[in-house]
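Dock chain F against chain C, hints included.
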Amino acid sequence: MATASLPLRPRPLVATRATSEPLLIQILLTTVAVGFLVLFLVLPLLAVFAQALEKGIGAYFAALREPMALSALKLTLLTAGVAVPLNLLFGVAASWAIAKFDFPGKNALLTLIDLPFGVSPVISGMVFILLFGRQGILGPWAEAHGLKLVFSVPGLILATLFVTFPFVARELIPLMQAQGTEEEEAARVLGASGWQMFWRVTVPNIRWGLLYGVILCNARAMGEFGAVSVVSGHIRGKTNTLPLHVEILYNEYNFQAAFAAASLLAFLALVTLVAKTLVEWRAAEARAPLTEDPNVH
Amino acid sequence: MTTSESRRTAPPVKSRWKLSLGRGSFHRGVLPGFGLALGFTLFYLCLVVLIPLSTLFWKSASLGASGFWSAVSAPRVVASYKLTFGASLAAACINGVFGLVVTWVLVRYRFPGKRLMDALVDFPFALPTAVAGITLTTLYAPHGWLGAPLEKLGVKVAFTPLGITLALTFIGLPFVVRTLQPVLENLDPEVEEAAASLGASRLQTILRVVLPALFPAWITGFALAFARALGEYGSVVFIAGNMPMKTEITPLLIITKLEQYDYAGATAIATVTLLASFVLLLGINRLQSWSARLGTAE
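The listed protein sequences derive, respectively, from chains C and F.
In short: position in the first sequence from 1, add 408, done, that's the working numbering.
In short: position in the second sequence from 1, add 82, done, that's the working numbering.
Extracted from the complex, chain C is given alone in its bound form (with noise of 0.2 Å):
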């Protein structure tokens, strides 16, 4: 009989049902959820552009113009600018190193290199300190020779170095991990130069994680606060970032200029978000050919 197919229609709907909760209880928690997101994510965040037109747009621009506020933002582009460069050359010659060789004592490294991650920043700081300062083991070797790292911008570049260490490597070692040898190999054994391998093959693959990286490490960079502020000495003019100059404003209860300032940070946190968002989205679209390759060998 053709009916007896029939009773099995409702089956699907009553297993969503059971695997699913009641409407109410969705409701319930979803509103939940958003509440605390928006309480603790979206008001923040509102609250940072408010505070920061709370004058008008034009004391604003004032206070982003000003002076102090311009060498911030160059010395914050500087140090992003140097530490980003390197630690992406060190993330992808550690992951190089640990995602395509085997040798003795590679989870003491993979564990080495998470070290900055679970240093808190003000640790992180203050090493450079204990190293460099005028009591510090290499403080007197530094100092006849002329050189001033803690204080000093050089200082500031180090912290950040040291606190946005691991970011990329993290970001690298598993995704070359997950895509193995093959490639490379193939590409070697066609004829490539290690170098046409490395940039025509592995940069390629890594690419959207290489990017997902730097994204990361940039954004931490560029808002370092604790590491950065006890090695910077607070030098206005000279040794401020950004998040330095924020907090002497808001300690000075010049709260709408130092909002002003975390509004441009903040907006760099916006602007990471989307990009890691769109990283993502790529990311995963390129992934979903590659799972099909196998098949198509």
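Keep in mind the hints are simulated off the structure, nothing from the lab.
Mixed in with the good hints there might be a few duds.
[Stated by the list, open to error] Here are some, though not all, of the chain F residues that point toward chain C, as calculated from beta-carbon distances under 7 Å:
no., residue
1, V184
2, D204
3, L363
[To be verified] DSBU-like mimics (lysine-lysine), calculated; alpha carbons at most 35 Å apart, straight line:
no., chain 1, residue 1, chain 2, residue 2
4, F, K234, F, K196
5, F, K234, C, K463
6, F, K196, C, K463
7, F, K196, F, K238
8, C, K684, F, K196
9, C, K463, F, K238
[Unchecked claim] Covered stretches of chain F (chain C as the covering partner; in silico rule of three or more C-beta atoms under 8 Å from a C-beta of chain C):
no., segment
10, 112-123
11, 228-234
12, 263-277
13, 313-324
14, 336-345
Backbone N, C-alpha and C define an ideal beta-carbon position, used for all residues, glycine too.
Chain F alone, transformed into the frame defined by chain C:
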């Protein structure tokens, strides 16, 4: 180097393509650049991380046991440990509960603005901590958007331990959500269907099937949020009030000692903090391998 030979012998190769080619002699060191890459990695690691970090232990070793002990056990220091530890734990607990709800809703339900909310979860990662600090302080200060109504209810947030907990909750949220999310997404729906078809109620299925599967990731996220909170400075220092014995967190105490040129005291406290976070990190590593093993066991 005796190990350099053995390092080169075994590239991680498990693919079929490889097997079909057999043990061709060109496999050994087919890929170039190992020496250069590892050499640069180790050099840079030592230069940027290991040498600077080792000065901390070198310096604290020079203190002597009694000097070290008196520096790390002074009442003001102990009060700061209690506050930092307690507020971090409270924040991690809040994130443990709400992070689970947020993850559940983001993975399982559909609602308008879901993708926006999902992207926003990373906001505390991306926002510089100083900006988070001044913003939360302004929001919860007695005349702030949220501080004023709370004040009427008799709740003081800014410049109290409650404010510190709040700031730590803000920075910890992404750790819990981003650790839980992939695990919940990859959870096999058949397991839940099986539980339901065997007569379990939805609540029973969640409590006995779903939550146990999420537990390793959940506790890992909790520990990550907790570890991050222990060392946090920028987002807390503005809202804390920074009263010695009352609202002074340990990282701030380290900075205060540094500014007073009490490097020995700062070093001793920093060493304790660092050891605490290393113990936590080791624990987290164990947890992650545990949850990975659980994942493969299923």
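Tested hints:
{"no.": "1", "hint": "V184", "verdict": "holds, 4 Å"}
{"no.": "2", "hint": "D204", "verdict": "holds, 6 Å"}
{"no.": "3", "hint": "L363", "verdict": "holds, 4 Å"}
{"no.": "4", "hint": "K234/F / K196/F", "verdict": "holds, 33 Å"}
{"no.": "5", "hint": "K234/F / K463/C", "verdict": "holds, 27 Å"}
{"no.": "6", "hint": "K196/F / K463/C", "verdict": "holds, 33 Å"}
{"no.": "7", "hint": "K196/F / K238/F", "verdict": "holds, 32 Å"}
{"no.": "8", "hint": "K684/C / K196/F", "verdict": "holds, 16 Å"}
{"no.": "9", "hint": "K463/C / K238/F", "verdict": "holds, 27 Å"}
{"no.": "10", "hint": "112-123", "verdict": "holds (count 10)"}
{"no.": "11", "hint": "228-234", "verdict": "violated (count 1)"}
{"no.": "12", "hint": "263-277", "verdict": "holds (count 3)"}
{"no.": "13", "hint": "313-324", "verdict": "holds (count 5)"}
{"no.": "14", "hint": "336-345", "verdict": "holds (count 5)"}
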